[in-house]
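S.K.: Sequence:
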Amino acid sequence: MNYRMWHFRGEYIFENTIVRMQFAICDDEKSIGLILEEKIKKLLPDAVIETYLSGDELIASGCKPDMLFLDIQMPGKNGMETARILRQKDDEVDVAA
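The numbering of the sequence shown is my numbering, which starts it at 1214 and goes up by one.
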């Protein structure tokens, strides 16, 4: 049998394997987080999505998502500072700001 294979975050994934993507959304405006969560679930119903209202909350959670949606302007730690701290802990996390 021939299987197609991809390399993703240090793991090999075969064509017939179901990948459950993990997303984190960090935005101080709850409504924005809910909209993003709804859009992701529409495209990837099996996705695991965690939402946070501040950079401090996200950092404290220890969350290691496959993809992070991050608001740039937030009270406390802004998005850029939060991204820098998370990248120091895990340089493989993909960030969309």
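A portion of the hints provided could be inaccurate.
[Claimed, not checked] The calculated SDA-like cross-link candidates involving lysine to any residue, where the alpha carbons are at most 25 Å apart (straight line), are: (1) Lys1255 / Val1308; (2) Lys1277 / Leu1249; (3) Lys1255 / Asp1269; (4) Lys1290 / Lys1255; (5) Lys1290 / Asp1307; (6) Lys1254 / Gly1289; (7) Lys1254 / Val1306.
[As the list claims (entries may be wrong)] Derived Cβ-Cβ restraints for the label pairs, each shown as a range: (8) Gly1289 / Pro1258: 30 to 40 Å; (9) Asn1291 / Asp1259: 26 to 36 Å; (10) Gln1301 / Lys1255: 25 to 35 Å; (11) Ala1310 / Gln1235: 29 to 39 Å; (12) Ser1244 / Gly1289: 12 to 22 Å.
Treat the hints as calculated values from the structure; they're not laboratory data.
Note that beta-carbon positions come from the ideal geometry of N, C-alpha and C, so glycine has one too.
S.K.: Please list, smallest to largest, the hint numbers that this structure does not respect.
M.R.: Numbers 3, 4, 6 and 11 - these are the hints that the structure violates, sorted from lowest upward.
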